[in-house]
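K.L.:
First to last, the protein sequences are chains A and B.
Count along the first sequence from 1, add 308, and you get the number used in our numbering.
Count along the second sequence from 1, add 308, and you get the number used in our numbering.
Don't take each hint at face value.
Ranges of calculated distance between the beta carbons of each label pair, as one might list FRET restraints [unchecked claim]:
1. A/Gly362 <-> B/Asp484: 39 to 45 angstroms
2. A/Ala469 <-> B/Glu485: 49 to 55 angstroms
3. A/Asp361 <-> B/Asp448: 56 to 62 angstroms
4. B/Arg500 <-> A/Asn343: 21 to 27 angstroms
5. B/Pro354 <-> A/Ala405: 55 to 61 angstroms
6. A/Arg460 <-> B/Lys316: 47 to 53 angstroms
7. B/Ala469 <-> A/Asn343: 48 to 54 angstroms
8. A/Ala469 <-> B/Ala469: 38 to 44 angstroms
9. B/Ser331 <-> A/Asn343: 28 to 34 angstroms
Going by beta-carbon spacing under 10 angstroms, a handful of chain A positions derived as facing chain B [stated by the list, open to error]:
10. Val387
11. Gly390
12. Phe426
13. Pro427
14. Gln444
15. Gly472
16. Glu489
17. Glu497
18. Phe504
No lab work stands behind these hints, which were simulated from the structure alone.
From the three backbone atoms N, C-alpha and C, an ideal C-beta is built for every residue, glycine too.
2 protein chains.
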Amino acid sequence: MSKGAARKGILVIISAASGAGKSTIIKRVMADDPNCVFAVSHTTRPPRPNEVDGKDYYFINDQDFDDMVKADAFAEWAVVHGNRYGTSFAEIERITAQENDVIFEIDFQGGRALMRRFPEAATIFLLPPSLAEVKQRLIDRGTDTDEVIARRMEQARIEIATAGEYRYLVFNDDLDEAVAEVQAILRAERLRSIRFPDKIRELVAEP
Amino acid sequence: MSKGAARKGILVIISAASGAGKSTIIKRVMADDPNCVFAVSHTTRPPRPNEVDGKDYYFINDQDFDDMVKADAFAEWAVVHGNRYGTSFAEIERITAQENDVIFEIDFQGGRALMRRFPEAATIFLLPPSLAEVKQRLIDRGTDTDEVIARRMEQARIEIATAGEYRYLVFNDDLDEAVAEVQAILRAERLRSIRFPDKIRELVAEP
Numbered sequence: 309m310s311k312g313a314a315r316k317g318i319l320v321i322i323s324a325a326s327g328a329g330k331s332t333i334i335k336r337v338m339a340d341d342p343n344c345v346f347a348v349s350h351t352t353r354p355p356r357p358n359e360v361d362g363k364d365y366y367f368i369n370d371q372d373f374d375d376m377v378k379a380d381a382f383a384e385w386a387v388v389h390g391n392r393y394g395t396s397f398a399e400i401e402r403i404t405a406q407e408n409d410v411i412f413e414i415d416f417q418g419g420r421a422l423m424r425r426f427p428e429a430a431t432i433f434l435l436p437p438s439l440a441e442v443k444q445r446l447i448d449r450g451t452d453t454d455e456v457i458a459r460r461m462e463q464a465r466i467e468i469a470t471a472g473e474y475r476y477l478v479f480n481d482d483l484d485e486a487v488a489e490v491q492a493i494l495r496a497e498r499l500r501s502i503r504f505p506d507k508i509r510e511l512v513a514e515p
Numbered sequence: 309m310s311k312g313a314a315r316k317g318i319l320v321i322i323s324a325a326s327g328a329g330k331s332t333i334i335k336r337v338m339a340d341d342p343n344c345v346f347a348v349s350h351t352t353r354p355p356r357p358n359e360v361d362g363k364d365y366y367f368i369n370d371q372d373f374d375d376m377v378k379a380d381a382f383a384e385w386a387v388v389h390g391n392r393y394g395t396s397f398a399e400i401e402r403i404t405a406q407e408n409d410v411i412f413e414i415d416f417q418g419g420r421a422l423m424r425r426f427p428e429a430a431t432i433f434l435l436p437p438s439l440a441e442v443k444q445r446l447i448d449r450g451t452d453t454d455e456v457i458a459r460r461m462e463q464a465r466i467e468i469a470t471a472g473e474y475r476y477l478v479f480n481d482d483l484d485e486a487v488a489e490v491q492a493i494l495r496a497e498r499l500r501s502i503r504f505p506d507k508i509r510e511l512v513a514e515p
C-alpha cells in the first residue's frame, strides 16, 4: 500500500453462530493488529467497580440515551437484560478518522442494522465446521441441560441461516487458519478502490 | 476454509498501468499458488515453432473465429497486430470446474468486457507509486525516444484513470508487499459467501 496515502479506517462487522469460536479468533486478530480497535459503547447500565467511563463504556442515563436515539446518533443499539447499549456514529468517526479500523463483534440483528448504515463495511460470518461439533462442545462443557442444549442448537441454526447476508464466510475448522483468513480479509478490504477516493485523481494529476 | 467444501474456481482480472510491474507480480503469485492458472486463448495467429496447440493457444482459422464470435462463445476477444485473440467461456468453465482460479492479465478494455460478463470476478488494478517513477524507469531503460516516452506516459494516465472500476488497488512501492497484497486479495475473494452457494443450506439442514 502506498506509504503516503492517508486512509480512512474501515468498519469490520463480525458475527458468528454459537460455538464458532468468535471471541478467540477476534482476540488473536486484534492482538496482532494495532490498527483494529473496538468502539466504546454507550450504556444505561450502571458502572461496575473498576469500569472507567469513556474507556469501558460511556455511562449515560436513560434520558440521555433517549435523546441520542431521537437524534439518530446511534449506528446500532439494543436492549440486553433491561439495559440499553449503543454505538454512536461519533465514536465510529473518532476511530476511523485516526486511520484505525473499528471491529464490531455483534449478533446478526446488530450486524444487519450496521450493514444498512454502512453498506461498504467488511462483513464476516464465522461458522463452525458442523452443527454436530457445536452440539458436542455444549455436551462436553457439561453445564447445560438437554433442554438448554436443544434451544441453543435451534438458535445456532437461525444464526447460520443469516450468514449469506455477510460478504465473507470463515469456517473455524482450524483456529490458526481461521485467524489467517480473517487477517487476509482485513488486508484485502483495506485495498478496495473505494478506500482511496482521491488517490487515482492525484496520480493522474501528477505533472 | 472447510476442507470438505467443493468450491468453484473464481475469475481474477488483473490490469495495470505501464510500469507497474504487473508481469513480475503475477509470476510470483502464480509460482506460489498451484490453483491459479492462465486460460488458454484461441487465436488466428499461426503457431510459432515449439508452440503447442491446446497448451500455448488453441490455433484456429478466421472462419472458425468468426463462428465463435457469432455464437457468443468468447468472454472477451481483441485484435492485436491484425490477429485475433479470445478467451472462450468453455475454457473458463474447464478451469473453474476443477476448483482452479483463472488469472486474466489483461488491458483495461478487456478487463471491462470481462467485468460485464462476470460481475463477481475479483478485479485488481496494479499502480506504480508515481508517474514520475514510471517515467524514470522508461528513461533508465534507454530504448525509447522522448516522443515514445511521452506517448507511453499519456497512455499510463489513461490506464490509471480507469483504476477505480476495479475492486482493489495494489500500489507497487515494494515488490514483496505487492505480491503479499495480491495473495491476501485472492484468499479473501475465495471466502466470499457467494462462493459457497450450498454450504449454508447444508449446515442448517444437518440433522
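K.L.:
Hint by hint, say whether it matches the structure.
P.N.:
Now the hints, each set against the structure:
1. With their beta carbons about 40 angstroms apart, A/Gly362 and B/Asp484 fall inside the hinted range of 39 to 45 angstroms.
2. At about 39 angstroms, the CB distance of A/Ala469 to B/Glu485 disagrees with the hint of 49 to 55 angstroms.
3. Range check, A/Asp361 to B/Asp448: about 59 angstroms between beta-carbon atoms, so the 56 to 62 angstroms window is met.
4. Range check, B/Arg500 to A/Asn343: Cβ separation about 23 angstroms, and the 21 to 27 angstroms hint holds.
5. Hint check: B/Pro354 to A/Ala405, Cβ distance near 60 angstroms, so the stated range 55 to 61 angstroms holds.
6. The supplied range of 47 to 53 angstroms is broken by A/Arg460 and B/Lys316, whose beta-carbon atoms lie about 33 angstroms from each other.
7. The supplied range of 48 to 54 angstroms is broken by B/Ala469 and A/Asn343, whose beta-carbon atoms lie about 30 angstroms from each other.
8. Between A/Ala469 and B/Ala469 the Cβ separation comes to about 43 angstroms, which falls inside the hinted range of 38 to 44 angstroms.
9. For the pair B/Ser331 and A/Asn343, the supplied restraint of 28 to 34 angstroms holds, since their beta-carbon distance comes to about 32 angstroms.
10. Proximity of A/Val387 to chain B is violated relative to the hint, the smallest CB-CB distance being about 27 angstroms (cut-off 10 angstroms).
11. The closest approach between the C-beta of A/Gly390 and any C-beta of chain B is roughly 31 angstroms, which is over the 10 angstroms cut-off, so the hint fails.
12. Of the supplied interface hints, the one on A/Phe426 is violated, with its beta-carbon coming no nearer than about 17 angstroms to a beta-carbon of chain B, more than 10 angstroms.
13. Residue-level restraint check for A/Pro427 is violated (minimum Cβ-Cβ distance to chain B is 15 angstroms; threshold 10 angstroms).
14. Given hint, A/Gln444 at the interface with chain B, is violated; its Cβ is 12 angstroms from that chain's nearest Cβ, farther than 10 angstroms.
15. Interface restraint check for A/Gly472: the shortest CB-CB distance to chain B comes to about 5 angstroms, inside 10 angstroms, so the restraint holds.
16. For A/Glu489, the interface hint holds, since its Cβ comes within 10 angstroms of a Cβ in chain B; the closest pair sits about 6 angstroms apart.
17. Interface restraint check: A/Glu497 against chain B, minimum CB-CB distance 7 angstroms, threshold 10 angstroms, status holds.
18. Taking 10 angstroms as the C-beta cut-off, the interface hint given for A/Phe504 holds, the closest approach to chain B being about 6 angstroms.
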